[in-house]
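Enquirer: The working numbering numbers the first residue of the sequence shown as 23 and each following residue consecutively.
In case anyone wonders, no lab produced these hints; they're calculated from the structure. We put the CB at the ideal spot given by N, CA and C, even for glycine. Hints are not guaranteed to be accurate.
Unchecked claim - Distance condition first, Cα-Cα at most 35 angstroms in a straight line; then the derived DSBU-like pairs of lysine-lysine:
| no. | residue 1 | residue 2 |
| --- | --- | --- |
| 1 | Lys130 | Lys162 |
| 2 | Lys127 | Lys162 |
| 3 | Lys68 | Lys206 |
Unchecked claim - Derived DEER-like restraints, expressed as beta-carbon distance ranges:
| no. | residue 1 | residue 2 | range |
| --- | --- | --- | --- |
| 4 | Ala56 | Lys127 | 15 to 25 angstroms |
| 5 | Val44 | Leu128 | 26 to 36 angstroms |
| 6 | Gly63 | Asn165 | 58 to 68 angstroms |
| 7 | Leu65 | Ile33 | 16 to 26 angstroms |
| 8 | Lys162 | Val50 | 40 to 50 angstroms |
| 9 | Ser114 | Arg25 | 52 to 62 angstroms |
| 10 | Arg207 | Gly59 | 55 to 65 angstroms |
| 11 | Gln177 | Gly141 | 42 to 52 angstroms |
| 12 | Asn101 | Lys127 | 35 to 45 angstroms |
| 13 | Ala200 | Leu47 | 16 to 26 angstroms |
| 14 | Phe82 | Glu170 | 27 to 37 angstroms |
| 15 | Gln172 | Val50 | 27 to 37 angstroms |
| 16 | Ile52 | Val72 | 33 to 43 angstroms |
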Amino acid sequence: MLRHVRASVVILLLMTVILGLVYPLAMVGIAGAAFPGQSAGSLIEKDGKVVGSSLIGQSFTADTYFHGRPSATGDGPYNGASSGGSNLAPTSRALIERVREDAGKLGKGVPVDLVTTSGSGLDPHVSPAAASWQIARVAKARNMSDTELQRLVAQHTDGRAFGLLGEPRVNVLQLNLALDALAKR
């Protein structure tokens, strides 16, 4: 019996070292070598300073910027430490009231992704329709032409992955950074 216990302890320790140390460290090394930008958080820099991540949305509220989806994080918008959906069912009275209230503030014809949260509550993307819907407001606030902003939105629209997966989308942070760069010219 002692032989079985000893063999079990040796296997436990061996598997703990392999699966708890060797494998995770190997994956971190491989990911860092194969995907250096993504493994570091897909950070976006402006003038040598990190301004965000292409994977996590930010709260833009000024009329001079495109706005993203509402955030579902409870203690502050786009708080990565409390990521998660609202867990409200589509029939939830609280969800319906919040969406109606947000849609009422934004006006007629608002695209659904500007009043609904994503599954993670942190999505940095909006649909091209949601970005286009905001062009008139941003153009007026920045004294720019609609055509100029339509071109900018088109340039920052990512298509479907491999041509068939997902939906076309616009990263709001990258679009707003390009908007600032365009305004500096």
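Enquirer: Does each hint hold? Answer for all of them.
Expert: Here is what the structure says about each hint:
Note on Lys130 and Lys162: the hinted pairing holds, with a Cα-Cα distance of about 18 angstroms set against a maximum of 35 angstroms. At roughly 18 angstroms between alpha-carbon atoms, Lys127 and Lys162 fall within 35 angstroms of each other, so this suggested pair holds. This hinted pair checks out: Lys68 and Lys206 have alpha carbons roughly 13 angstroms apart, not beyond 35 angstroms. At roughly 44 angstroms, the beta-carbon separation of Ala56 and Lys127 lies outside the given 15 to 25 angstroms, and the hint is violated.
At roughly 52 angstroms, the beta carbons of Val44 and Leu128 sit outside the given window of 26 to 36 angstroms. Checked against the hint of 58 to 68 angstroms, the C-beta distance between Gly63 and Asn165 comes to roughly 35 angstroms, which is inconsistent with it. Look at Leu65 against Ile33: about 41 angstroms separates their beta carbons, and that is not inside 16 to 26 angstroms. With their beta carbons about 48 angstroms apart, Lys162 and Val50 fall inside the hinted range of 40 to 50 angstroms.
Restraint check, Ser114 to Arg25: a C-beta distance of roughly 59 angstroms satisfies the suggested window 52 to 62 angstroms. At roughly 27 angstroms, the beta-carbon separation of Arg207 and Gly59 lies outside the given 55 to 65 angstroms, and the hint is violated. Take Gln177 and Gly141: their Cβ atoms lie about 27 angstroms apart, and the range 42 to 52 angstroms is violated. Distance hint check: the CB atoms of Asn101 and Lys127 are about 22 angstroms apart, inconsistent with the given range 35 to 45 angstroms.
Look at Ala200 against Leu47: about 38 angstroms separates their beta carbons, and that is not inside 16 to 26 angstroms. Distance hint for Phe82 and Glu170: a CB-CB separation of about 19 angstroms, inconsistent with the stated range 27 to 37 angstroms. With their beta carbons about 42 angstroms apart, Gln172 and Val50 fall outside the hinted range of 27 to 37 angstroms. Between Ile52 and Val72 the beta carbons are some 24 angstroms apart, a value that contradicts the proposed interval 33 to 43 angstroms.
Hint check: violations occur at hints 4, 5, 6, 7, 10, 11, 12, 13, 14, 15, 16; the rest are consistent with the structure.
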